[in-house]
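Student: Based on these hints, arrange chains B and C on the given structure of chain A.
Residue numbers (the numbering used here), protein chains in the order written: chain A, 1 to 326; chain B, 327 to 614; chain C, 615 to 937.
Careful, some of the hints might be misleading.
[Stated by the list, open to error] Within a straight-line C-alpha distance of at most 20 Å, the following computed DMTMM-like cross-link-like pairs (lysine to aspartate or glutamate) qualify:
(1) K922(C) - D726(C)
(2) K899(C) - D883(C)
(3) K270(A) - D726(C)
(4) K635(C) - D443(B)
(5) K744(C) - E759(C)
(6) K675(C) - E812(C)
(7) K882(C) - E202(A)
(8) K521(B) - D726(C)
(9) K203(A) - D883(C)
(10) K722(C) - E745(C)
(11) K174(A) - E91(A)
(12) K340(B) - D60(A)
(13) K500(B) - D827(C)
(14) K873(C) - E241(A)
(15) K787(C) - E658(C)
(16) K873(C) - E42(A)
(17) K636(C) - E241(A)
(18) K149(A) - E202(A)
(19) K270(A) - D713(C)
(20) K723(C) - E681(C)
(21) K787(C) - D827(C)
(22) K270(A) - D836(C)
(23) K270(A) - E658(C)
(24) K682(C) - E702(C)
(25) K723(C) - E333(B)
(26) K922(C) - E890(C)
(27) K149(A) - E134(A)
(28) K500(B) - E649(C)
I should point out that these hints are in silico values taken from the structure, not numbers from a laboratory. From a predicted model like this one, the values you see are computed outputs, not experimental measurements.
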Amino acid sequence: MLLNVENLNIHFKSDKSSTPIHAVRDLSFKINKGEMLGVVGESGSGKSITNLALLGLLPDSALVTAKNLDFEGKKLLSLNELEWCQVRGREIAMIFQDPMTALNPFLTVEFQIVETIKAHLNLSNKEAINKAIELLNFVGIPSPKDRLKAYPFELSGGMAQRVMIAMAISTDPKLLIADEPTTALDVTIQKQILNLLKVLQEKNNMSIILVTHDLGVVGEYSDRLQVMYAGEVVEEGFTTEILKNPNHPYTEALLASRPGASAHLKRIPKTLLPSISGIVPAFHQRPLGCQFHPRCSYKTHECEQSIIELKDFVRCIHPCNQLSLK
Amino acid sequence: MKLFISELFYELKKNKGSMIGIVIILFFIFVAFFAWPLAPHDPTFIYSEFLRLPPSFTPGGNAQFFFGTDDLGRDLLSRLIYGSQVSLSVGFAVVILSLITGTFLGVLAGYYGGSLDKIIMRITDLIMSLPSILFAIVIVAVLGPGISNAIVAVSIVAVPNFVRIIRAQVMVEKNKQYVLAARLFGASNFRIMFKEILPNCMAPLIVQATLGFSDGILNCAALGFLGLGAQAPMSEWGTMLSDARSYIESSPWMVTLPGLCILVVVLSFNLLGDGLRDALDPRLKKQN
Amino acid sequence: MSKLILPLLNVSNLNKNFEIKKIFKPIKTLKALSEVSFTLNTNETLGIVGESGCGKSTLAKVLTQLEKPSSGSIQIEGIEIPNLDPKEFHSTIQMVFQDPYQSLNPRKKAFDIIADPLRINTNKSENDIKELVLDMMKKVGLREEFKERYPHHFSGGQRQRLGIARALMLRPKILILDEPVSALDVSIQAQVLNLLLELQAEFSLSYLFITHDLSVVEHISDRILVMYLGRIVEYGPREQIFNNPKHPYTQLLLESAPKVLGGTNSKKDWNIITSEAPSALTLPKGCAFASRCNNKTPQCDLSIPELKDEGGRLVACFNAIKG
Chain A
1 MLLNVENLNI HFKSDKSSTP IHAVRDLSFK INKGEMLGVV GESGSGKSIT NLALLGLLPD
61 SALVTAKNLD FEGKKLLSLN ELEWCQVRGR EIAMIFQDPM TALNPFLTVE FQIVETIKAH
121 LNLSNKEAIN KAIELLNFVG IPSPKDRLKA YPFELSGGMA QRVMIAMAIS TDPKLLIADE
181 PTTALDVTIQ KQILNLLKVL QEKNNMSIIL VTHDLGVVGE YSDRLQVMYA GEVVEEGFTT
241 EILKNPNHPY TEALLASRPG ASAHLKRIPK TLLPSISGIV PAFHQRPLGC QFHPRCSYKT
301 HECEQSIIEL KDFVRCIHPC NQLSLK
Chain B
327 MKLFISELFY ELKKNKGSMI GIVIILFFIF VAFFAWPLAP HDPTFIYSEF LRLPPSFTPG
387 GNAQFFFGTD DLGRDLLSRL IYGSQVSLSV GFAVVILSLI TGTFLGVLAG YYGGSLDKII
447 MRITDLIMSL PSILFAIVIV AVLGPGISNA IVAVSIVAVP NFVRIIRAQV MVEKNKQYVL
507 AARLFGASNF RIMFKEILPN CMAPLIVQAT LGFSDGILNC AALGFLGLGA QAPMSEWGTM
567 LSDARSYIES SPWMVTLPGL CILVVVLSFN LLGDGLRDAL DPRLKKQN
Chain C
615 MSKLILPLLN VSNLNKNFEI KKIFKPIKTL KALSEVSFTL NTNETLGIVG ESGCGKSTLA
675 KVLTQLEKPS SGSIQIEGIE IPNLDPKEFH STIQMVFQDP YQSLNPRKKA FDIIADPLRI
735 NTNKSENDIK ELVLDMMKKV GLREEFKERY PHHFSGGQRQ RLGIARALML RPKILILDEP
795 VSALDVSIQA QVLNLLLELQ AEFSLSYLFI THDLSVVEHI SDRILVMYLG RIVEYGPREQ
855 IFNNPKHPYT QLLLESAPKV LGGTNSKKDW NIITSEAPSA LTLPKGCAFA SRCNNKTPQC
915 DLSIPELKDE GGRLVACFNA IKG
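If we strip away everything but chain A, and leave its shape as in the complex, we get (with noise of 0.2 Å):
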């Protein structure tokens, strides 16, 4: 096991409101070597949250507490800055949404990797450009020797994104953490790029968490799914069998919810599609007891009661599999 998160919490102080505002509640998951985990949530879910906290990335208001949060044996939790540079952007790597953003704009390409290389690295400046277009060759960039020496601005979203993944890859991470990283580039690009994170899982044995807000992309390439709703994970398991037969009844109603024409949802065009009412709540609207209970059309009393814990994978007390026996 190459991470293991036990009842992750994270709170954040407000100024507005004296009660810290309760972001993330009781996540827990595990991670194996060569395994991809896909985080499926909409917005205000927590999933960009729980990441920064693995990379503790978080702000000071932020207060971070877990019963295990090890990361191959190390208590990611206790480790002081020192020690989580170690860790940071050389054993655990992140890629971001918009690679455009993440790329500094007035340095090279060549530059920006080779900074990376040699600060994590021990290589003379010209390994480190070796070790660079041999990284950008192996992403998929055609001509890396020339591209070493183009400015952010000259590159399409989808190089720019490789860019970024090579410089991710450069010190070998175990880790990759992929916050949505096909949500700013086009299909055929998305393509492109979540068959390349396919081939450093595969091939080259790295697990990769992949956030993102696109049941379709965690359905075709994750093993793993956890898809989570307003700070907490709702249910979680193998990838297929979830988007096969969702138990939670918010899993359910998003896979509904999705227009076209499914082959077994055998929908109609231009029909009526059944949404989810409501909204997403925001951190500090949460509602007692079961966080969808407002916007689920199986709710019942006691689902505004208490806090639900996740039992059996589903965080639910109705879970729609056992309905569907009933």
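Tutor: For chains B and C alone, kept in the frame of chain A given last:
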């Protein structure tokens, strides 16, 4: 708007400097407003038997004149109190004049761009390339000395700051989709400039207006000091400073007190301006 | 002679070029739209699909006259747009924007945002306007008490409802929807799509639905226009295009869209692929898609394929996929 002001005040309260600034400004506004009942003497009345009397709390002082008297025997405290009237209204007039012209020109330049923008910006560059006080002196020299001409001169010098800030902001805002939407339902250019875009440029404008206040007061005092601003017997801090400068060694209070007044008022406007900038900035970021 | 029934919107041979001026460099022309022709009928939805740089946003701007076309004609019920009275034009074509955070003036209340189109274009009294605005707010699913609120009090979905209400106030016949749901949360997208379908039925609206999301297009459109680097590559009824794409680019698009049940259980051999569109500034002499195409023949590099009828749809390809 109400919400905007209450939120702004909430942010401001966290900043000690700007709260001190507000208190001092309110104090001076109060003094200026009630100058007549507050001032113990007529500021222009000459008590010829009490020339250059030191403040009452120093040896040789007279309880009748709290801050002493000047070289002509006028009560210094009363002159300072009436001087606050002049300084604050000068600052106010300068800000209003330069704000209106600057905003108008800035919006035009930013919205239309092209040659109109070039003409407006080259003129502002020209004004900004000269030291502002020098340029103001030239204008007053042309128009003739006097407090109203000084206001006009200082306002002209202050206009470029407003033009630049507004222009930059308009250029950002005009490309947003809500402006496109307004064009799509046929809103006129005038309506788009002043009803759609301008309300979204208020934050930097408020900051610049506060800072412009202190610049205006300072520049007018400087003109007064040079004898180009307020004319005798009007009591204006800058003019008082200038009249007293030959007595700096024998009667230092005559120079110190009006100088301190200018310093404190200008400082508090700057404190408030900085506080406003900090308070408005995160709001701006949130919106974009 | 029987009177010809004119399409609501008829676009023919539309071109839009941008001149890129840089100091010390020759002026370059960017062909954002080349020979774009299509029609839109009453109560119909035409989906316009393509990736970034395909010219779909330029098309929206040209159709709404935010940009002037370089050449070509746009007719509404047979009348050229420049000959149309501006007021009539504004009450025929309206637009809903992609970004619900940028498309509403943050300093205006919801009520004023919706009411302004009426205030500018009609002489109705404030009372009438109030009635119409409240009626519209109800239709798009916004509660009456929201009218005093500012945009930042609303969620993304509610803002998009506000944008739709604003666009409908002048009762347009054509609504251009520029990626109306792509900035919204997944669970909100269906709500807004449903609203659009309901409004279309209620007001007999014609939609020009611009998006990159194939599943959305498949659900909402009657006919589909696929664009690649400023040109139409395939244009026809939805079923034909989705069930049986004939242009290699359409096929690539459909294949690339990730599928929920894409099947990670079937072991695939993952490869690193790189194929990117050429820059719009340096378009090749022949077919712009040739560099990425698997069906390429020497002819493709020599000349640009014309749109040809392929059994009820138009395809611009020398080697259109058979089947």
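Student: Each of the hints needs a verdict: does it hold here or not?
Tutor: Status of each hint after checking the structure:
no. : hint              : in the structure
1   : K922(C) - D726(C) : 48 Å, violated
2   : K899(C) - D883(C) : 35 Å, violated
3   : K270(A) - D726(C) : 32 Å, violated
4   : K635(C) - D443(B) : 19 Å, holds
5   : K744(C) - E759(C) : 13 Å, holds
6   : K675(C) - E812(C) : 26 Å, violated
7   : K882(C) - E202(A) : 10 Å, holds
8   : K521(B) - D726(C) : 11 Å, holds
9   : K203(A) - D883(C) : 10 Å, holds
10  : K722(C) - E745(C) : 19 Å, holds
11  : K174(A) - E91(A)  : 5 Å, holds
12  : K340(B) - D60(A)  : 19 Å, holds
13  : K500(B) - D827(C) : 28 Å, violated
14  : K873(C) - E241(A) : 15 Å, holds
15  : K787(C) - E658(C) : 11 Å, holds
16  : K873(C) - E42(A)  : 18 Å, holds
17  : K636(C) - E241(A) : 55 Å, violated
18  : K149(A) - E202(A) : 31 Å, violated
19  : K270(A) - D713(C) : 24 Å, violated
20  : K723(C) - E681(C) : 29 Å, violated
21  : K787(C) - D827(C) : 24 Å, violated
22  : K270(A) - D836(C) : 8 Å, holds
23  : K270(A) - E658(C) : 11 Å, holds
24  : K682(C) - E702(C) : 18 Å, holds
25  : K723(C) - E333(B) : 17 Å, holds
26  : K922(C) - E890(C) : 26 Å, violated
27  : K149(A) - E134(A) : 15 Å, holds
28  : K500(B) - E649(C) : 30 Å, violated
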